[in-house]
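Asks: Sequence:
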Amino acid sequence: MNESVDLAPDSNAVITEPVPDLQLQLLIQLLDREMRSGLPLTLTIPAGVLHGDVIGHEAWKAEWSRSLRQVEGEGANLIAEFPETVDQSIKELRDGEDAQQLPRWIHLRDATLVFGGAAPLRLPLWRGRLSDISGWALGRPE
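For the sequence shown, the working numbering assigns the number 2 to the initial residue and increments by one for each residue that follows.
FYI, nobody ran anything at the bench for these hints, they're computed from the structure. Bear in mind the structure is a predicted one, so any value in this text is a computation, not a measurement. Hints may be right or wrong, so weigh each one.
[Stated by the list, open to error] Okay, derived cross-link-like pairs now, DMTMM-like style, lysine to aspartate or glutamate, Cα gap no bigger than 25 Å in a straight line:
id	residue 1	residue 2
1	K62	D22
2	K62	D133
3	K62	E75
4	K92	D111
5	K62	E82
6	K92	E143
7	K62	D96
8	K92	D33
9	K62	D33
10	K62	D111
11	K92	E82
12	K62	E35
[Unchecked claim] Between beta-carbon pairs, the in silico distance windows are:
id	residue 1	residue 2	range
13	A14	M36	40 to 46 Å
14	D133	S68	22 to 28 Å
15	V87	L31	38 to 44 Å
16	E35	V115	25 to 31 Å
17	Q24	R141	16 to 22 Å
18	P47	I80	23 to 29 Å
19	E82	L124	20 to 26 Å
20	V87	R123	21 to 27 Å
21	N78	E143	36 to 42 Å
22	L94	T45	30 to 36 Å
Just so it is clear, CB atoms sit at the ideal spot from N, CA and C, and this is done for glycine as well.
With the hints as extra help, turn the sequences into a complete structure.
Replies: This is how it looks when you write it as structure tokens:
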């Protein structure tokens, strides 16, 4: 049996990209307003299940910097400032545009990744693309 698809000559192919969950984006945007806020969350990602405390971008930058300042070596201080340097570069590229964009990234503190039959992987900080999250729930697994 031969299966084929006939496309009309005037049909246009449509390319789609994964779209982040709007409610999750708005939740993260709300958390971004308060540096000290965090919320336990469980995420379904391609690698498995990830849970931890979701934090805002600014809190993630501060914790990234703090954790690297504890590392010895000249490169650690340079890397500690990396997220802030990237943010400043993006701000300059936007050249004063003040259009508020919805977040495209999610940040977790004290994260645990559970996948396959392997032992859980514990991560002090984790950053991931929101469009890669296929599901989420408030809280952590018991």
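Asks: Taking the hints in turn, state whether each one holds.
Replies: Against the structure, the hints:
1. For the hint pairing K62 with D22, the CA-to-CA distance comes to about 23 Å; that is within 25 Å, so the pair holds.
2. Distance hint between K62 and D133 is fulfilled; the C-alpha atoms sit about 21 Å from each other, no more than 25 Å.
3. A threshold of 25 Å between alpha carbons decides the hint, and for K62 with E75 the separation of about 19 Å falls inside it, so the pair holds.
4. At most 25 Å may separate the alpha-carbon atoms for a hinted pair to count; K92 and D111 exceed this at roughly 29 Å.
5. Restraint check: the Cα-Cα separation between K62 and E82 comes to about 8 Å, which is no more than 25 Å; the hinted pair holds.
6. A hinted pair counts as satisfied when its Cα atoms are at most 25 Å apart, and K92 with E143 does not qualify at roughly 41 Å.
7. Our distance criterion of 25 Å between C-alpha atoms is met by K62 and D96, whose separation comes to about 22 Å.
8. The hinted pair formed by K92 and D33 meets the criterion: a straight-line CA distance of about 17 Å does not exceed 25 Å.
9. In summary, the hint linking K62 to D33 is supported, as the alpha carbons are separated by about 11 Å, within the 25 Å threshold.
10. Of the pairs offered as hints, the one joining K62 and D111 holds, with about 15 Å between alpha carbons and a cut-off of 25 Å not exceeded.
11. Restraint check: the Cα-Cα separation between K92 and E82 comes to about 16 Å, which is no more than 25 Å; the hinted pair holds.
12. A distance of roughly 13 Å separates the Cα atoms of K62 and E35; the hinted pair therefore holds under the 25 Å criterion.
13. For A14 and M36, the Cβ-Cβ distance of about 45 Å falls inside the hinted range of 40 to 46 Å, so the restraint holds.
14. Between D133 and S68 the beta carbons are some 24 Å apart, a value that agrees with the proposed interval 22 to 28 Å.
15. At roughly 23 Å, the beta-carbon separation of V87 and L31 lies outside the given 38 to 44 Å, and the hint is violated.
16. Here the CB-CB span from E35 to V115 is close to 28 Å, well matched to the stated 25 to 31 Å.
17. The hinted range of 16 to 22 Å is satisfied by Q24 and R141, whose Cβ atoms lie roughly 19 Å apart.
18. Look at P47 against I80: about 27 Å separates their beta carbons, and that is inside 23 to 29 Å.
19. E82 and L124 have their C-beta atoms about 21 Å apart, which keeps the hinted 20 to 26 Å range intact.
20. A beta carbon spacing of about 26 Å between V87 and R123 agrees with the range 21 to 27 Å that was offered as a hint.
21. Here the CB-CB span from N78 to E143 is close to 40 Å, well matched to the stated 36 to 42 Å.
22. In this structure the hint that L94 and T45 lie 30 to 36 Å apart at CB holds, the actual value being about 33 Å.
When the structure is compared with the earlier hints, violations turn up for hints 4, 6, 15 and for no others.
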